[in-house]
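Put the complex together from the two separate chains, hints included.
What follows is each chain in one-letter form.
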Amino acid sequence: MLTQPTTDKILLAIANDLNAVVLPAVDDEQAKVLLGQIDQLLRRLSRRSATEIAWMTEEINAINEVLGREDREVTSLLLADVAAEYSEASGALGDAIDEAFAANDEDMIKKLKNLLSLRIEKEQEILGQLDLVGRG
Amino acid sequence: MQDPSVMPEKIVALLEANGASEVTVSGYEPMTGGYSRLMARFEASFSINGNQESGSYVLRGDPPEGQAIIETNRSQEFAVIQAVSPYLNTPKARFLDADGAIIGTPALVIDFTEAESTLPWIEKNGASTLPLKLAELSGAMHTIPVEKLPDILARPVSGDPLTDQILMWKQTATNHVEHLPIFRYVATWLDKNRPPPVPVSLVHHDFSTANMMVDENGDLVVIDFELATVGDPREDLGYFKAYAQAAPPDLIDENPEMFLNRYREVTGFTEEQVNPIVMTYFLVLGVIGVVSQISNSGSAMARGETSSTGIAFNLDNLLFGQAAWMSATEALEAALDGEVK
Chain Y
138 MLTQPTTDKI LLAIANDLNA VVLPAVDDEQ AKVLLGQIDQ LLRRLSRRSA TEIAWMTEEI
198 NAINEVLGRE DREVTSLLLA DVAAEYSEAS GALGDAIDEA FAANDEDMIK KLKNLLSLRI
258 EKEQEILGQL DLVGRG
Chain L
407 MQDPSVMPEK IVALLEANGA SEVTVSGYEP MTGGYSRLMA RFEASFSING NQESGSYVLR
467 GDPPEGQAII ETNRSQEFAV IQAVSPYLNT PKARFLDADG AIIGTPALVI DFTEAESTLP
527 WIEKNGASTL PLKLAELSGA MHTIPVEKLP DILARPVSGD PLTDQILMWK QTATNHVEHL
587 PIFRYVATWL DKNRPPPVPV SLVHHDFSTA NMMVDENGDL VVIDFELATV GDPREDLGYF
647 KAYAQAAPPD LIDENPEMFL NRYREVTGFT EEQVNPIVMT YFLVLGVIGV VSQISNSGSA
707 MARGETSSTG IAFNLDNLLF GQAAWMSATE ALEAALDGEV K
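Just so you know, the protein sequences line up as chains Y and L, in that order. Quick note: to get our numbering, add 137 to the position in the first sequence (first position is 1). Quick note: to get our numbering, add 406 to the position in the second sequence (first position is 1).
One or more hints might be untrue.
To be verified - For lysine-lysine, the following DSS-like pairs were computed, each having C-alpha atoms within a straight-line distance of at most 27 Å:
| id | chain 1 | residue 1 | chain 2 | residue 2 |
| --- | --- | --- | --- | --- |
| 1 | Y | Lys250 | L | Lys598 |
| 2 | L | Lys576 | Y | Lys250 |
| 3 | L | Lys498 | L | Lys554 |
| 4 | Y | Lys259 | Y | Lys247 |
| 5 | Y | Lys247 | L | Lys598 |
| 6 | Y | Lys248 | Y | Lys259 |
| 7 | L | Lys539 | L | Lys498 |
| 8 | L | Lys576 | L | Lys554 |
| 9 | Y | Lys169 | Y | Lys146 |
| 10 | L | Lys598 | Y | Lys248 |
| 11 | L | Lys498 | L | Lys416 |
| 12 | Y | Lys259 | Y | Lys146 |
| 13 | L | Lys554 | Y | Lys169 |
| 14 | Y | Lys248 | L | Lys576 |
| 15 | L | Lys576 | Y | Lys247 |
| 16 | L | Lys576 | Y | Lys259 |
| 17 | L | Lys530 | L | Lys554 |
As the list claims (entries may be wrong) - Beyond 12 Å from chain Y on every Cβ pair, some chain L residues (computed):
| id | residue |
| --- | --- |
| 18 | Ala474 |
| 19 | Gln488 |
| 20 | Gly624 |
| 21 | Arg668 |
| 22 | Gly744 |
What the hints assert, rightly or not - Some chain L residues well away from chain Y (every beta-carbon gap over 10 Å; in silico):
| id | residue |
| --- | --- |
| 23 | Ile558 |
| 24 | Val606 |
| 25 | Asp656 |
| 26 | Gly716 |
None of these hints come from the bench; they were simulated from the model. Source: prediction; values computed, not measured. All residues carry an ideal CB built from backbone N, CA and C; glycine is no exception.
Next up, chain L with everything else stripped away, as it sits in the complex (with noise of 0.2 Å):
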């Protein structure tokens, strides 16, 4: 996918398998910030449908076997895109490469949009409007009905989303190379207290700033669904603040009323359910989808079945996760013991 000398004509060739004719592609670029996965952006203009269209696209595929930071599937990335897009500002998913059999990897084409990165917005704009747009935007993804999501997508195995969660906490506790304790005491603290539950709904898994862009109307843009499964929703909110953590700013806090006042309008849930005490449980809980994937690959390297310099790096991750996950339990057992008394 990085070489433009042969990209065109495989992606040409794609666009035809799938139904479009009169194909010409021009202008391939690799581009930075796909993070887990390889992306370029191209140049295409195309008959499909009896429709003529022209305009700019992302090819978006799996790096080299053994490269890749975190396993996702590309078809379940498109089929994620394609039903969330009617209720969602997000690109739409176009095209797709399933086993990679013409791009030489799974890969999927989605249009391009061109809202701008979020952090670079704010710097410009500052963020006191985006508050609002992200509960707006959050309220959106998880009051999408769940029988308008694709069934690949997961379920909770258990019923309950909280349950399931706390089980990855210790299964990746087990699995990884070595063992880690700091997990095991998150996930024991997490099991005594559990926040009362919420209808499930689409789970992101990666909300953050950094999958998120603002377009010409200031409103957020949200993009990459590979990590998407049906679950609690509050995972996307505490997710969203533990990685604010790691790179601010946390727009949630840059007006906590507003947001959840707001975000609770837009989804029915009431003040017990979504509240600062609770979106710090959710801090915690809600990155061990990420985070198992890091184990993963991290064990995998360790075992020399792998290698990379970003897994690597990602791991250290982990470092930064264990100190914000245990302040964040003293800090909700603090604010737990002011409640009782």
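If we strip away everything but chain Y, and leave its shape as in the complex, we get (with noise of 0.2 Å):
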């Protein structure tokens, strides 16, 4: 297969070109307004497509070492399976932020906040500016 140029370059490219040819030639307002969710979309997508892979295997390992799972394993990079084994990882967490604050155990609570607080950062990387396109 072709790998270049990557699928974040392809992404932010059909942004442009919609966002500098497309939407001036576009006069239907609800088509203007999807366009600019789209072009929202795209950037976002392009910036989680180069690195989602490897931020929610670092997240998963990350939770795992708090957790004690150390024993468990990331074995395929299909995109499906990681995304199983985060949410498998994030279920772990939400039952552990539920036990910590059962027992009020403060220090676990803290350790699994900047779990939390990790995950945060790179949403706001990938979601950079928010604009309510569409909305009054």
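And the structure:
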């Protein structure tokens, strides 16, 4: 397969063309709103496609380390498999949060919150600037 | 609803089915800004109950199946608008096609308002008068007698709106297509830090500048009651602040003291019940109604049951929300620590 330009670069090029070429030629207001949403989505997908497997794997490992589940491994790098493993680890993290709050375990709550902060940091990188296109 | 060549005839049929006669409809034009529903403006003249009427109206209907960002009920929206319009500055609901038999999709007709969208109005006139107007509008909405609200409107199942909302946080985390640990953190945190209760009232649930306009008197007009329920009125204040974080300005922050004093005056709530800390608590709690709808649609799309750009676009709002909610819980912890000390 041809790997270059990478997916993120192609998505960015599509977004730029939609914005620079297609949008100025569109008069319909609803179509303009849709194009605005597509533009933001493509830019986010560009950032996401470049990093998501590495990001999810890194976070799965971080969660497993804090929860003492080091024996679990990400064995497949197929996107669907990594996403399923990421959700499983997220579920375990959620259970640990409930247990830590129930036990008033402040140290554990702090560690688990750090994991959530790591997630939020990555999410903000992907999100970029939020513009609520289409709302009054 | 997007085809101006067929819609006037359907609107004539709807009005006639509701008792109007001598109906003429013209100038049908789809509108933007409806966000979750399709909207169009039209001119009409008709006779009803012995009175002759003419003016501008808005048709508001469901998008095609599978395209809705959120699922709501036009009959409920119609009943709510009819119940609240004697108390609030809001365009009246006029006609309903509950099952879409005439219009082709469930739809209602409401009066068109000449009021201006809030953000352009603020750009021209500034925001200094609006905190007081917002306090009066939200106070008026939250003091409508609950017994005047339609029975179709959801009431707290547990008897306590906070318990219901916190449960909705937990259920959203559980029902979403993938695990959401930040939702579970937020739910548990909200449960541990409940503020003193207030009486239940109408809750708009999408109370933001996007659903407000400013009329010729400089008064705020509130629209779009599709997500309304009976619940804790402070959910609307929190939601207003949460929305303003994503789409400024925050009219409450323009003059928080003026806002809170007037709101307490209108509602009779105490300073312990409504203050900046409590509003921040509800900034997190109050968004779950909309958030759960976005989550449901996103999950349906992930399962291949529906598909649209709007659903994917709105799902990204949850990323913004997760950062805002965690940041709010941290700010509240610091504030609560300060109170304890």
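Legend entry - 27 Å Cα cutoff - pair Lys539 (chain L), Lys498 (chain L): holds, 20 Å
Legend entry - Minimum Cβ distance from Gly716 (chain L) to chain Y greater than 10 Å, as the annotation requires: Non-interface label on Gly716 (chain L) violated, nearest chain Y Cβ at 7 Å vs cutoff 10 Å.
Legend entry - 10 Å Cβ clearance of Asp656 (chain L) from chain Y: About 14 Å separates Asp656 (chain L) from the closest Cβ of chain Y, which puts it past 10 Å; holds.
Inset, instruction - Please work out if Lys498 (chain L) and Lys416 (chain L) have their alpha carbons no farther apart than 27 Å. - result: It holds: about 21 Å lies between the C-alpha atoms, which stays within 27 Å.
Legend entry - Hint consistency between Lys248 (chain Y) and Lys259 (chain Y) [alpha-carbon to alpha-carbon, up to 27 Å]: Holds - the C-alpha atoms of Lys259 (chain Y) and Lys248 (chain Y) are around 17 Å apart, at most 27 Å.
Legend entry - Straight-line alpha-carbon gap Lys248 (chain Y) to Lys576 (chain L), limit 27 Å: holds, 21 Å
Inset, instruction - Measure nothing beyond the straight line between the CA atoms of Lys250 (chain Y) and Lys598 (chain L); if it is 27 Å or shorter, mark the hint as holding. - result: Given pair Lys250 (chain Y), Lys598 (chain L) holds - Cα atoms ~16 Å apart, limit 27 Å.
Legend entry - Straight-line alpha-carbon gap Lys498 (chain L) to Lys554 (chain L), limit 27 Å: Roughly 16 Å between the alpha carbons, so the hint for Lys498 (chain L) and Lys554 (chain L) holds.
Legend entry - Given hint Lys146 (chain Y) paired with Lys169 (chain Y) - CA-CA distance at most 27 Å: Distance ~23 Å between Lys169 (chain Y) and Lys146 (chain Y) Cα, so the pair holds.
Legend entry - Given hint Lys247 (chain Y) paired with Lys576 (chain L) - CA-CA distance at most 27 Å: This hinted pair holds, its Cα atoms lying about 21 Å apart.
Inset, instruction - Please work out if Lys598 (chain L) and Lys248 (chain Y) have their alpha carbons no farther apart than 27 Å. - result: It holds: about 19 Å lies between the C-alpha atoms, which stays within 27 Å.
Legend entry - Status of the stated non-contact between Gln488 (chain L) and chain Y (beta carbon gap over 12 Å): holds, 23 Å
The earlier numbered hints that this structure contradicts are 8, 13, 17, 26.
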